[in-house]
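Using the sequences plus the hints, can you model the full thing?
Those protein sequences? They're chains X and F, same order as listed.
Residues 1 to 408, numbered by UniProt numbering, are exactly what the first sequence covers, in order.
Residues 1 to 295, numbered by UniProt numbering, are exactly what the second sequence covers, in order.
Be aware that one or more of the hints could be misleading.
Not everything, but these chain X residues come out facing chain F in the computed CB check (under 10 Å) [stated by the list, open to error]:
{"id": "1", "residue": "V211"}
{"id": "2", "residue": "V215"}
{"id": "3", "residue": "W408"}
Treat the hints as calculated values from the structure; they're not laboratory data.
The beta carbon of each residue, even a glycine, is placed where N, CA and C say it ideally should be.
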Amino acid sequence: MSTTQRLSWRVAALASATALTAAGCGSGGGSEDSPDDPITIGVSLPLTGDFSEPGKGVERGYKAWAKIVNDKGGLLGRKVELKILDDQSNADRVVSDYEQLIGRDQVDLVLGPFSTRLVVPAARVAEEYGLLFVEPAGAAPEVFDQGFKNLFYAAPAVANDHYNHLADYILALPEAERPKSVAYAAMDDPFAQGTAYGLKDKLEKGGIKTVVDEVYPPNTTDFGSIAAQIASSKADMVVGGSQYQDGVNLIVALQQLNYQPKMAAFSTAPTEPEFAKAIGDKTEGILAPTGYTQHADYPSNKEFVEKYTEQFGKAPEEDEANAYTTGQVVAAAVEAAKCASQDEECQQKLVKWLRGNEVETVVGPLKWDDKGRPQSAHMIQQWVDGEIQIVLPEEQKEADLVHPKPKW
Amino acid sequence: MPSASLVFQSIVLGVLLGGLYALLAAGLTLYFGVMRVVMIAHSAFLILAAYLAWYAHRETGVDPLLTLLVTVPLFFVAGVAMQRLLLTRLRPATLTMMSVLLTFSVALVIEGLLGYAFSGTQRRIRLGYSSASLEFFGARVAVVKLIAFGLAAAALLGLYLLMRHSRFGQALRATIQHREAAALVGIDTDRIAGYGFGLGLATAAVGGTALSLDTTIYPSLHWHWIGPLMAIIVVGGLGSVPGAAIAAMALGMTQSLLQLELSTTWAQTVFYVALFATLAVRPQGFFGGRLAQRF
Numbered sequence: 001m002s003t004t005q006r007l008s009w010r011v012a013a014l015a016s017a018t019a020l021t022a023a024g025c026g027s028g029g030g031s032e033d034s035p036d037d038p039i040t041i042g043v044s045l046p047l048t049g050d051f052s053e054p055g056k057g058v059e060r061g062y063k064a065w066a067k068i069v070n071d072k073g074g075l076l077g078r079k080v081e082l083k084i085l086d087d088q089s090n091a092d093r094v095v096s097d098y099e100q101l102i103g104r105d106q107v108d109l110v111l112g113p114f115s116t117r118l119v120v121p122a123a124r125v126a127e128e129y130g131l132l133f134v135e136p137a138g139a140a141p142e143v144f145d146q147g148f149k150n151l152f153y154a155a156p157a158v159a160n161d162h163y164n165h166l167a168d169y170i171l172a173l174p175e176a177e178r179p180k181s182v183a184y185a186a187m188d189d190p191f192a193q194g195t196a197y198g199l200k201d202k203l204e205k206g207g208i209k210t211v212v213d214e215v216y217p218p219n220t221t222d223f224g225s226i227a228a229q230i231a232s233s234k235a236d237m238v239v240g241g242s243q244y245q246d247g248v249n250l251i252v253a254l255q256q257l258n259y260q261p262k263m264a265a266f267s268t269a270p271t272e273p274e275f276a277k278a279i280g281d282k283t284e285g286i287l288a289p290t291g292y293t294q295h296a297d298y299p300s301n302k303e304f305v306e307k308y309t310e311q312f313g314k315a316p317e318e319d320e321a322n323a324y325t326t327g328q329v330v331a332a333a334v335e336a337a338k339c340a341s342q343d344e345e346c347q348q349k350l351v352k353w354l355r356g357n358e359v360e361t362v363v364g365p366l367k368w369d370d371k372g373r374p375q376s377a378h379m380i381q382q383w384v385d386g387e388i389q390i391v392l393p394e395e396q397k398e399a400d401l402v403h404p405k406p407k408w
Numbered sequence: 001m002p003s004a005s006l007v008f009q010s011i012v013l014g015v016l017l018g019g020l021y022a023l024l025a026a027g028l029t030l031y032f033g034v035m036r037v038v039m040i041a042h043s044a045f046l047i048l049a050a051y052l053a054w055y056a057h058r059e060t061g062v063d064p065l066l067t068l069l070v071t072v073p074l075f076f077v078a079g080v081a082m083q084r085l086l087l088t089r090l091r092p093a094t095l096t097m098m099s100v101l102l103t104f105s106v107a108l109v110i111e112g113l114l115g116y117a118f119s120g121t122q123r124r125i126r127l128g129y130s131s132a133s134l135e136f137f138g139a140r141v142a143v144v145k146l147i148a149f150g151l152a153a154a155a156l157l158g159l160y161l162l163m164r165h166s167r168f169g170q171a172l173r174a175t176i177q178h179r180e181a182a183a184l185v186g187i188d189t190d191r192i193a194g195y196g197f198g199l200g201l202a203t204a205a206v207g208g209t210a211l212s213l214d215t216t217i218y219p220s221l222h223w224h225w226i227g228p229l230m231a232i233i234v235v236g237g238l239g240s241v242p243g244a245a246i247a248a249m250a251l252g253m254t255q256s257l258l259q260l261e262l263s264t265t266w267a268q269t270v271f272y273v274a275l276f277a278t279l280a281v282r283p284q285g286f287f288g289g290r291l292a293q294r295f
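Put into structure tokens, the structure is as follows:
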């Protein structure tokens with residue numbers, strides 16, 4: 001170790017010790033809004049436990065957002081500082097974490113955690129303190145039934161609207177090409193089921209018959225029987241309201257029975273990076289809704305993908321993008337309201353501004369209804385020539401939708 | 001009313017599923033038969049074997065079935081070691097109860113290590129024949145399910161022949177029937193118990209590999225398996241391998257057929273209904289005769 005290195009180690013150690021003391025003294029002293037103080041933002045995330053995989057993705061997204069903001073000089077000229085706690089995927093912990101962040105740590109703003117199960121209790125705390133609550137991961141209908149006044153979901157659409165573009169496409173097809181019967185299989189989970197049933201409602205209204213409607217518990221490992229019923233119905237189209245492992249298992253089980261639908265759509269699974277590794281070359285023509293793609297040409301998305309890749313060595317996926325979007329939404333509100341602190345007046349200004357305005361994000365322009373539901377739809381992707389590409393809506397498409405789908 | 005072809009397809013699927021269940025449950029019934037050990041970690045070892053097959057396939061491209069050459073002896077040795085080093089330390093009076101706690105912790109350790117080594121990401125072995133199938137009187141039979149069924153049949157037949165026609169098998173059966181008497185006629189029951197445990201774990205290596213051919217795996221998957229497997233061995237009669245095999249077939253078939261008329265959720269409860277009914281009506285099990293007395 002050279003002398004300069006040793007010296008810099010000492011400086012670093014000294015600096016961190018000073019920082020620790022300062023933090024120790026600072027707490028309880030209250031936060032004065034001086035222009036040099038950083039804006040502190042509190043988050044609790046499932047960094048361990050059931051949701052640790054997506055939880056860490058969300059953490060990376062928030063960190064990328066903070067870095068990009070700070071590199072440009074911060075918000076309102078102040079640096080942004082994240083304070084992230086680990087709730088271990090536990091709904092009780094998430095409540096005490098936000099209590100701590102808001103009460104003891106006196107953070108200026110909060111951002112939401114991952115998964116509906118944690119978003120709802122966390123939102124309740126934020127609501128109680130009157131804080132703006134923008135969240136990256138509560139797509140299920142029950143999030144918006146709780147009467148939250150400060151909640152905004154930072155993604156293009158709630159679960160029931162994920163397949164909207166596909167529904168419009170199908171109903172606009174000439175009579176002869178339109179699927180006449182559809183088989184639905186959905187996991188007993190508010191998010192997964194919501195996606196499939198959103199499409200089911202629309203297609204049934206358009207006169208398309210439902211021939212199979214199966215709901216399976218999340219721990220189902222054998223999909224042989226469900227696949228047998230779908231195959232035996234000879235439905236023109238199959239729709240899966242799936243998460244990852246069930247989607248993959250169901251698709252393989254259907255392929256094993258040599259069922260060849262004209263259209264096949266599954267939520268979540270086909271957009272995961274592991275999907276093609278699991279299924280191999282049998283992915284051709286499979287459709288999936290997605291809230292994010294690295295290829296979308298919104299200006300902030302190009303910057304996000306480039307800088308994120310620089311920081312983490314690979315391109316961002318949907319979880320990272322959802323977190324980044326959450327940051328963008330909060331930042332837009334802060335810039336417009338020209339304030340970032342816990343006091344009621346400021347938080348109300350932020351909420352009010354978001355209620356009435358549209359925000360440009362990496363997933364496109366977002367605006368919300370009075371319950372915090374985003375008012376767009378998901379893009380539809382399809383596996384075309386061994387790659388997943390956007391096929392709907394028209395304005396965003398990278399390839400033409402292939403219909404009927406090739407045999408799998 | 002489901003069509004005849006769908007019913008036949010469901011029966012075919014039920015037989016294949018039952019075969020796999022039989023293989024997966026065989027080890028559990030051995031441990032209990034030989035040593036009154038309730039082995040909660042059995043399904044964790046299944047997932048471990050599945051991961052080893054997946055890993056070997058990913059790294060070298062070998063067919064997962066070839067990993068059996070390594071995992072079967074490895075698991076046998078691990079089983080003997082686990083019995084000799086851990087389970088023999090439990091006091092005989094509380095063995096059954098304490099073995100639940102001990103093997104529960106072993107299951108947690110395996111799950112933790114799998115998560116540490118391979119992360120929580122869900123994996124699946126990608127084989128050229130993953131989605132291939134054969135036509136069988138109008139029904140489709142998936143090649144991977146057929147291979148898994150073949151593995152189950154071969155392993156169970158091997159187990160049966162070993163138990164019936166080898167000196168080791170005789171000694172093991174004697175130990176199962178009456179440990180003290182077996183010791184009196186000169187059988188080293190401690191060593192036999194160790195081998196019996198190793199044998200049970202070796203079936204987990206075969207079962208896990210069979211499982212890996214056609215399922216998406218992740219570290220906590222074993223919790224989904226232990227419940228149905230426990231139900232199977234109780235219904236079959238604790239300690240009876242043929243009993244477990246018959247119960248596995250019957251339950252697999254029932255599950256598959258019930259699904260035609262009821263939902264998946266209800267079809268899955270067949271295990272628990274059967275478990276409850278067995279404990280209420282015939283606690284020694286339906287197919288095994290007196291508790292653990294027969295092989």
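Check each numbered hint against the structure and report the violated ones by number, ascending. 1
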